[in-house]
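Between the sequences and the hints, there should be enough to build the whole structure, so can you do that?
If you want the building blocks of each chain, they are given just below.
4 protein chains.
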Amino acid sequence: MIYFQCDYAEGADSSILSRLVETNMEQSEGYGLDKHSERAKELIRKRIGREDADIHFLSGGTETNRIAILSALRPYQGVISADTGHIAVHETGAVEATGHKVLTLLNTDGKISASHVREYVKEHYESPTAEHTVQPGMVYISFPTESGTLYSKREIESLYSVTKECGMYLYIDGARLGYALASPACDITIEEIAKLCDMFYIGGTKCGALFGEALVILNDNLKKDFRYMIKQNGALMAKGRMLGIQFEALFEDDRYFKITASAVDKALKIKKAFKDKGIELYGSSETNQQFPLLTDEQIAKLSKDFVFEVWGKEKDRTIVRFCTSWATSDENVEALIAAIEKL
Amino acid sequence: MIYFQCDYAEGADSSILSRLVETNMEQSEGYGLDKHSERAKELIRKRIGREDADIHFLSGGTETNRIAILSALRPYQGVISADTGHIAVHETGAVEATGHKVLTLLNTDGKISASHVREYVKEHYESPTAEHTVQPGMVYISFPTESGTLYSKREIESLYSVTKECGMYLYIDGARLGYALASPACDITIEEIAKLCDMFYIGGTKCGALFGEALVILNDNLKKDFRYMIKQNGALMAKGRMLGIQFEALFEDDRYFKITASAVDKALKIKKAFKDKGIELYGSSETNQQFPLLTDEQIAKLSKDFVFEVWGKEKDRTIVRFCTSWATSDENVEALIAAIEKL
Amino acid sequence: MIYFQCDYAEGADSSILSRLVETNMEQSEGYGLDKHSERAKELIRKRIGREDADIHFLSGGTETNRIAILSALRPYQGVISADTGHIAVHETGAVEATGHKVLTLLNTDGKISASHVREYVKEHYESPTAEHTVQPGMVYISFPTESGTLYSKREIESLYSVTKECGMYLYIDGARLGYALASPACDITIEEIAKLCDMFYIGGTKCGALFGEALVILNDNLKKDFRYMIKQNGALMAKGRMLGIQFEALFEDDRYFKITASAVDKALKIKKAFKDKGIELYGSSETNQQFPLLTDEQIAKLSKDFVFEVWGKEKDRTIVRFCTSWATSDENVEALIAAIEKL
Amino acid sequence: MIYFQCDYAEGADSSILSRLVETNMEQSEGYGLDKHSERAKELIRKRIGREDADIHFLSGGTETNRIAILSALRPYQGVISADTGHIAVHETGAVEATGHKVLTLLNTDGKISASHVREYVKEHYESPTAEHTVQPGMVYISFPTESGTLYSKREIESLYSVTKECGMYLYIDGARLGYALASPACDITIEEIAKLCDMFYIGGTKCGALFGEALVILNDNLKKDFRYMIKQNGALMAKGRMLGIQFEALFEDDRYFKITASAVDKALKIKKAFKDKGIELYGSSETNQQFPLLTDEQIAKLSKDFVFEVWGKEKDRTIVRFCTSWATSDENVEALIAAIEKL
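Going line by line, the protein sequences match chains A, B, C and D.
Under our numbering, the letters of the first sequence match residues 381 to 723, in that order.
Under our numbering, the letters of the second sequence match residues 381 to 723, in that order.
Under our numbering, the letters of the third sequence match residues 381 to 723, in that order.
Under our numbering, the letters of the fourth sequence match residues 381 to 723, in that order.
By construction, these hints were calculated from the structure, which means they are not laboratory data.
Mixed in with the good hints, there may be bad ones.
The list treats identical chains as interchangeable, and a pair is accepted whether it falls inside one copy or across any two copies.
Stated by the list, open to error - Listed below are the simulated EDC-like cross-link pairs for lysine to aspartate or glutamate, each with C-alpha atoms no more than 16 Å apart in a straight line: (1) K533 - D567; (2) K693 - D645; (3) K652 - D605; (4) K693 - E506.
Computed from a predicted model, the values in this text were never measured in an experiment.
Structure representation (structure tokens):
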């Protein structure tokens, strides 16, 4: 069986493994205060063009979202998210567990708009009983979104503007950031992202690392005492260097961007194959996740050799997900395309 | 410089690294539902003699304590701990952050006693205003303790008894469990531990893993829906197999017990060297952490070649900690002993 | 100006005030352990026909909901509510502040149905990644609903059934319970309610008390240690007898039911006046809140003499709320009806 | 039986009850936005000499402490308190339930000192692993303390200084504030208190009100959005005017200070009677609570006619508490003194 089920089915990019082996017997400070973590942060700061950024390495996406959001909100504030946002649906209420409501707006192609946010916030503050409802304190977006779609630079600028206008923060969940930036449809750079939000994270787990996310804090108000937040939430790894070493490997020679670019390239080939076959795709993903709408018969045929995920229903067809990753081989992509052609 | 500062200064036991390399391109289910995690759990269940145990792999000690304790207590309950317990002093209030008070009892050589616990609980329930105070719902002990000391089998039996008597749970923090079990002063086996508590964890991070702890749930009341707890707390790793692979390596051929035994052996040689030199030790540690009381002059001398941690003050001397680990070499131990002899 | 704005604009029913004056210099036990609280509980137990019920007096609705829900859920569970439910929209995220997500279902006339709940819960448990989402642990309904509508006895039976089927609790928010039970459209008695849910509360604040709600716990699983929950949440009043005295007055000679019946009677007269005038009403309220859809001109006219609340928009008309209470006088109702006739 | 058990055994000062009766049928805005609440705040602002103070009325002490502390701390911060502080021992972990650790310092006569606080905070920040421990963010003191003792003006000045020095807040729990200010041993005024802390509350429940505490926020940083905090914690009373009316009555013509002065006067007479009889008192209380150390025989004798509370043990004698209040009559005091003389 060939897996296109997710982008975390394998271990790590070879550069990471060999680095772990090389450094294994080095002795270093614990809790992320080692030289590898320091150097990885320096590499990221240079790459995003923000020498003033605070960077913290964490183990996973839910952990990162949970701590980042908790650290930014006052007790009575909530975070605005698309109703399809990862924090709204797939984190077992991790944000609520820290005491904060996720305030959902109806998504369009996986996204929310600045005007919708502005309207929501305005309505809150204009209510004579505003204090009986949760105050919006932050906007959360995923880039790319959960369905693989992209915000344009202009859309992110507008969202950032509306947060500044309304005394809120903009936080970008970059679990698959590499796959967004590598897309030909992406019109924003990581340097620009680092100027257009208060916090974002560079996803490692789904982009070639064994595990690990790099949380980048840009707004000075959010920097103070962040390591206390990490420790209190059980997320300060004793051997923090494991995270530093991985991001060091990923941010040397732009490896992070190369391996994700290769994955997107493969996903777009698969997309083209579906389209050429006349098979419609759900949403407008131009990244490493593609969502064809298949008939039961087509699913049965493809399931013989390939593993992929059922995503939802759309009338008489099923939305499924094919995912490429840094680990997807050309052979597997060719095999899939051949199978699609035969549908 | 030679490090005796802690037991998490290096990477991982070689068996783990090579296993990670070998399995890297395997494709597997995410979130710990892979075959390596399954096999690691099976190995542990066999080793502890409890086929009925539920086992979950988590990343670190604070994370494990936080989730385990939260999952077991009612909102108004607290957890009894020695005042020196890790949860009471070195986890940035992680337990309180989940809403639960840590109820501290004065320690004796790092430990608390069943009779002290019984008296505390009795006093709580006898109070006419019991509901104005936090109800004790669990007893937390570390084995070995934070100062390297050991509970005897009898002491653990008594603590377990008192929890059953009083409607509480007994939870054992085994961050350094391997070093306890390997001590010649230890009179309890892991199979016995697995019969004398409701939950305990087998520490990986400080005992040879890159990271990872194996939480063992023995009491049926505590098993239900535990994976929800893990996910909600941001601790369900997408590539959960990383944890499975490590514990698989550690529990094949008792590797976990061999590497920790070697560390304890070295620590006891260092202890003997201090004693032979007439230097007193703080507490009665027979495990991999040793706490000599040194003069400023002795500290100055040893600091030239060795890194170790300052632990506290005792009149005119300073308590310092020397730590061995699975990674400590014979040469380094010999060098340290030679230096001690020259003090 | 004549107020029809809400049902908490005045102080308390005269029976309460005189009782407070009479008992003022009595000396009694604190924290609700006094004889008035005991007698009030006894009166309620008799009236609802459940001698086994545990009853606790609390100060307000949000406090009661917050504590009741927190006490019943496991950390990873959420509570199902109509999207218009008070806990979902008007409690500043009080439930989320205790760590629990409110899981909203689209309302129909302010209500949710058993079949909708069943479908939602089924979908949760059938998902292969159920643990990545919040587990439904309770169903919350308001009776009457926020828009004054009523569940039928059959609907409540069905909701109760589905909770038992799915291992959940049914909790009924009775902030305005008196007004529901007094409605001619109500086909369920308080004795029946006390057999068809796990917990409910009898609202005092909006039904004639200075403040206070009587939480009735029927399911034995939810009874244990409840006073700890109250104290921890800052809701155990030192002079708890204030609550007992009020409910004693309200449950002697069915005063609670008489004063709310009078309010509903007045509200239905107002409703009839609107209908007779050809003015449509929003929803199907048969209780003390009525929601006519008015034109701007009609609002301007009525605003000269009456205070009422703007509720929402419906195309070119505005939904407003007229509320009667135990304190509404016949004269005021007549004045309003006269004004409606002149619209 | 004559009660000296506590200061909340009766209802309310007559001025309050008559005011409640007079205003009962007034119609007013809900949620504390009424004119009585406004006027009560104005009276308090004038009396404390701080026109800039934000004032909020809450129902009880635990509720007030819980919300005040939660609103002021960052998630990883704790609150320093005497080990005998109400929040440390008698609120069922209410502060921990909001996620914050209570950091206890050993008390001296119920109090903590500025130098002890400074030392504690210094040690925290000097630790190389500060972030592994809870950061102190606030100092909590009770005035008078739980054992009736008083801080001098100089002590409060020093505590306030140390909080400013160390970036913390000073919060004063004034559950029995009236009894402190009325003591001949008190050398500080309410105007001075209002200049020497960031927040304090004026206790109503134990000083003549049916219920209610007035939280006074002095530091601008703590004022923003406080009503959201109150509502989220279930503490925003629908008929908030009940609180306003009571504090209006208490702060007209200094009634609050007169009724508490009378209680202290009576307590000191009782204290003198014990002393004259050669009976030692625990602590140095000069307020409305007195703690004689009695033999079993003395307790037996006094228990025939009087109700009082057992407080603790001191060798062969028992510490008991006699409490006066605004409601204590001269006759009862005389009867008690006569009984003491006959011991």
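Status of D645 relative to K693 across identical chains (alpha carbons, at most 16 Å): neither (27 Å within a copy, 49 Å between copies)
State whether the alpha carbon distance between K652 and D605 is at most 16 Å within one copy, between copies, both, or neither. neither (48 Å within a copy, 42 Å between copies)
Give the relationship of K693 and E506 under a CA distance limit of 16 Å: within one copy only, between copies only, both, or neither. So K693 and E506 pass the 16 Å test across copies only (15 Å; inside, 39 Å).
Measure nothing new, just compare the shortest in-copy and cross-copy C-alpha distances for K533 and D567 to 16 Å and report within, between, both or neither. For K533 and D567, only the intra-copy Cα distance (6 Å) is at most 16 Å; the inter-copy one is 58 Å.
Violated hints, listed in ascending order, are 2, 3; each of the other numbered hints is respected by the structure.
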